[in-house]
Amino acid sequence: MASEVIGKPKNRVDGRKKVTGQARYAAEFSVPDLTYGVVVNSAIARGTIKSIDASEALKLEGVLQVFTHENRTKLAYYDKSYQDMDAPPGSPFRPLYNNQVQFNMQPIALVVAETYELALYAAALVKVEYEQAPHETKFAAQRPYAYEPEEYKSTPPPEPWGSPEEALKNAAHTITEEYAHPSQHHNPIEMHASTVHWEGDGRITVYDKIQGALNSQKYVMGIFGLKEEEVRVLSPFVGGAFGSGLRPQYQLFMAVMAALELKRSVRVVLTRPQMFSFGHRPKTVQRLSLGASADGKLQAVIHEAYAETSRFEDYSEDVIIWPGVLYNCDNVKLSHKLVGLDVYTPLDMRAPGGTTGIFALECAIDELSYKVGMDPMEFRLKNYAEKDQIEDKPFSSKELRECYRQGAEKFGWKNRKQAPRSMREGHQLIGWGVANGAWEATQKPASAKAVLALNGQLTVSSATGDIGTGTYTIMSQIAAESLGLALDKVEFKLGDSSLPKAPLEGGSWTASSVGSAVKKVCNKLGEKLLELAQEIEGSPFKNVKIEEVVFEGGRMHLKNNSSTAIALTEILSRNKTESLQAEADSEPSDEQENYSRYSHSAVFVEVKVDEDLGTVKVTRVVSAIAGGRILNPKTARSQILGGIVWGIGMAMEEYSVMDNQYGRFMNHDLAEYHVPVNADVHDVEVIFVEEKDEIVNPIGAKGLGEIGIVSVAPAIANAIYHATGKRVRDLPITLDKLV
Amino acid sequence: MRPFTYTRAKDVAAAVTDIRANSEARFIAGGTNLLDLMKIDVMKPRHLVDITRLALDTIEETDEGGLRLGALVTNADTAYHEQVEKRYPLLSHAILAGATAQLRNKATDAGNLLQRTRCYYFYDTDTACNKREPGTGCSAISGYNRNHAILGHSEHCIATHPSDMAVGLAALDARILVTGPQGERMLPISDLHRLPGNTPEKDTNLGENEIITAIELPPQGFAQHFTYLKNRDRASYAFALVSVAAGLEIEGGVIREARIALGGVAHKPWRRPEAEAMLRGKKASRENFQPVADAYVQGAKGFEHNTFKIELARRSIVRALMTAAKIEE
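Chains C and A, in that order, are what the protein sequence lines are.
Just so you know, we're using our numbering here: the first sequence kicks off at 834 and counts up by one.
Just so you know, we're using our numbering here: the second sequence kicks off at 624 and counts up by one.
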C-alpha cells in the first residue's frame, strides 16, 4: 500500500483549534454555578500544624468554606488507595490528611469562594501556627546515608560483570569524577488545574490537567470511594506537561473534595509559585570511574548514582543503565542509591534518568577520550555497543553509526582541531562537542475503537492524551492510511476516561502503543467492511480474502484489479447500515522480548565562549536521530527541536534554587527559573536517519518524546570544555563557573 | 489580591492630592511590577492612584540642549525615539537590554526607576525580609545570594536594584524632576536611589507623597563612545549579574571625560566619580582602564554565592571601556 499520509509532514489536525482558542484546557471549561478554590501552602518544611485560624477568611461574604485537615471529608485509609498509575514504591502524599508537614509549600488548606479574587484574598487571611521540627534538605549532608530502596521504580541495578575494579586498576588511562545536576522543575506553560462539574446526582465530571484521564479517574475513585460511573475525567488538551502530569496533582484532590462536600462545581488552578510545590527532576550526583586501554578500548566502567527522593516515597529512574546500553565493556559495575530529603517526591521529567545518566556518562566518556588522545567521536565509535549488555540482547535495530555519519558531515566535524582552546574568534573561544544517547522504545497494551459513519467519516478513539506532542495528528494519520481515507475524513478522540483504555501518555510509548491499537482496530474495521461487502447481492468480493483487497481513496478494491471497487460509504448504504464499528486491544508481541529496543541520537554542538566574561552562546546544534519510522516529519522535528532547546536550558540555565534555611525552592517564577529564550537558540538542525524496525511494534515508530533531549546537555558541556579547557561537571554551566 | 480603592488623576496636582488623601496609597502607571507584587501579597496598597492620564507622555528638548523624558513615556518609546537613539544611544541600549518587548511596551520611564528588587526573599512572604517587613531579618545574607550586592550592602539588606535603564541614566548624569506637596524639586539620579543602611524598606529618597514627572538628560550624550554591557544567565529576559554603562569623550586618543555606572552590584546604580577622574587626560588603553576597574570594586565584599561578581565586574569594566573606545585587541 502506498503511503499517502504516514511519513508526510502534515499540519497538526488540532492546530487551528489551538491558535483560535477553541482548544479548551482544564481551567477553561465553563460549568454553571462554578466556585473557585485557592490552596494555602505551608511555610515550613517539616513539623506540625498547631492551628489554622480561618475565621477572618470565613467572615467575608462569598467565602463558602476553608477546608483543612480538621474538617476535610472522610478519606481512604490505605496507601494503595492513593497510589496512582505512576506512583513509586512508598506512601503517597495525602493532602489534608493530618496535621503533619512533610515538605515546604505542602498544601494545607483550600479556600473556596464564589469568585477567584475573593478566594485569593481570603487565602491571604488564613493564619497558620506551626510547631516547627528540624528539616534536612541539604543533599550533601544526607548523602552519607544514601540507601538502596527495597524496591526500585526503575530498572534495578544489574549484577556487576567482569572485574571492574581490577580492570580499572590495570587500565592505561582512567578518570574518576563526579557529575551533578540540581533539582529542576517541569514548568509547563499551562499550570495544573482541575474543574470539577458537580452533576447534581452524586456524579462528577472532571476536567483535569493530566497525561492520562484514566489515572485521575482511578485516583479519585480510590480516595473518595466513588464508582467508575460516578467519575468521568476529561483532558482533551494539555498545555505541556513533560511528566508533571503523569501523577494526579493536589489540585485535583482539592477540587474533587470541595465539590463532593459543597455539592457545587469547583475549580482549582495552581499558581506559578505552586508549580514548585510538587514533583521535580531529582538532584543527582554521579560518580564515574572509567578505564581504557592505550589504544582506546573501554575496559572498565563503575557508575554510581546518588539521587534525591522524599521521605515518603522511593522515587528512582533509569540513571545507570546507559553504559551497558551505549558502550561495549567487559567490566562494569552499576549502583543507584537514594538520598532521602524533606522534599516532595521527585517526578519523571522528560527522559527521566536518561537525561541525568547520559549527561554524566557522556561527559566522562569525553574526558577519557582526551586522555587517550582520540577524537571524541572516534573514541565512541570504537566502543560502540553491538548489543545491550544490561539485558544481554541484540538491538531490534540501531542506526547510531548512521547518525554519526550524517551528523558529522552536516556539522563539518572533520574540520575540528582536537586540542582544547585551539579555535577562536577574537574574544570568543570556539568549541565543538559531541555526545550520543538512547531512549527506550517501549510498547504497552492499549485499546482503541473505530466507527465509520454513513457519511464516510471515521472516528477513532482511545483514552490517551496529547500533551502538545501531536498525538491527535499521528493517530489520525495511522487511521487514515489503514483505511485509505483522506486525513480530513478522520477524527481522533482522546483525553476521556470513558474511551477504550490506554497507557499514561509518557515514556515515548504513545505512538508505539496507541498507534498499534489504532492500526489494529482500523484493520479490524476493514475486515468487517469486507464481510459486509460480501453480503451485498452479486458482490464481486465474494470469496475474496482480506489480503486480496486494498483500501484506497475512500474505496475498497481488489489488489490485482483496481476497477473491482466499492466506496466504503456504499458498503454501509447498500446494507442499510448507519455505521460500522470495531474495537481492538493491542499487546506487545512475544518476539519483542528477544530484543532490546531503543531509539538513538548523536548530537553535535558548537559553542562560543567569551574568554573574559564566561558567557556562552550555543551557536550551532546538529541532532541526528534514529527513531524508527517517522510518522510525521513535521511534528517529529518539533519534538526534537523542543528537546534541543530544553537541553540548552538544562546545560546552561535550569536550577531550582533550594534554600536550606527554609527547605524551600526559592526561584519559583519564570523570571527567575530560567529556561531558554529565543535569543539563546541559534542554528539548529534535525536529521532523521532511516531506520527500519519490524520488531519494535507494528507501526515501526520508536517514539520521539525523549530521545531529543538526552544527548544535548553533555554535547554542550563537551563543547565548552573543547573551547575553554575547563571541565564543568555540575550543571547548569553558568558564567561564574567559567570566569 | 487584597481589596483596594482606585482613583484616576487628571493632572499632577490632583495625583499629589489623591496620594496624600489616602493612606497606604500608591501610584500606578504601567503596573508591570506593582500588580505582580500585589498578586503575591508582597505589596498591599489600600488605594491606587492611576496616573496614566497625566500629560507626562512626551519627549521634549530642554533649553540647555538636552532632552526631557516625560515620566509616562514607555520604555519602548524612549529606546526607539529618534533623538534618544541618535544623541543618547547608551540609554537606548540600556533600556533594550532589560525585560522583554512586551514589558517595555507597557512599562513607563519613571516606573522603571521605581521597580522593586528581585531578591527571592523579598518576593516570598513566607520568608524573612527586612525590605518587605522591616525587622524580620535578611534571609539572603545566609541564604542564596548569587544575584545580590557586592557593594554598598548592609547587615540588614544585600538586595540589588534591578533596572538597566537606571544604570544608563546614572552614567549620563540624568536629573529627576519631582512634584510633591511642597512643590517641585530636582535631584540628580545619584540621589534618587539609596543604599539600604538600616532602612532597607526605603528604595529611594523620594518623599512619601512625591511623584516623578520627568527625567532630564543633560546635553552630553557620549554618542561617539559608549557601551552598555550586560552579563546575565540567558540572552534576554534576565536581570543583570553585572552590567556596565560606559561613556567616553575622546579627543585625539585622549580621554576628556569618562562615565562608568555598574548595575547588578548594589542597591543603586554604582558610580565612583573619583575613579572615573583617573581617566581624564589619559590615553584610552587597556593599561589605563585596568586600574579604574580595580578602583571601582575596591571594598567590594561578596557572599557565599556571589563573590564571582567582583572579578566579573572588573573584567566587564575593562571590556566595556575597550568597546566604548573602539579598541580592538
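Hints are computed from structural coordinates only; laboratory data are not their basis.
All C-beta atoms, glycine included, are put in the ideal place defined by N, C-alpha and C.
Watch out, some of these pointers could steer you wrong.
Straight-line distance between alpha carbons at most 27 Å, and here's what the computed DSS-like set of lysine-lysine pairs gives [as the list claims (entries may be wrong)]:
#, chain 1, residue 1, chain 2, residue 2
1, A, 949, C, 1450
2, A, 924, C, 960
3, C, 1277, C, 1204
4, A, 949, C, 892
5, C, 1570, A, 924
6, A, 667, C, 960
7, A, 924, C, 971
Covered stretches of chain A, as calculated for chain C (at least 3 residues, CB under 8 Å) [what the hints assert, rightly or not]:
#, region
8, 760-772
9, 838-846
Do the hints match the structure? See the list:
| no. | hint | result |
| --- | --- | --- |
| 1 | 949(A) with 1450(C) | 23 Å, holds |
| 2 | 924(A) with 960(C) | 39 Å, violated |
| 3 | 1277(C) with 1204(C) | 43 Å, violated |
| 4 | 949(A) with 892(C) | 67 Å, violated |
| 5 | 1570(C) with 924(A) | 19 Å, holds |
| 6 | 667(A) with 960(C) | 17 Å, holds |
| 7 | 924(A) with 971(C) | 26 Å, holds |
| 8 | 760-772 | holds (count 5) |
| 9 | 838-846 | violated (count 0) |
Checked against the numbered hints given earlier, this structure breaks hints 2, 3, 4 and 9; the rest are met.
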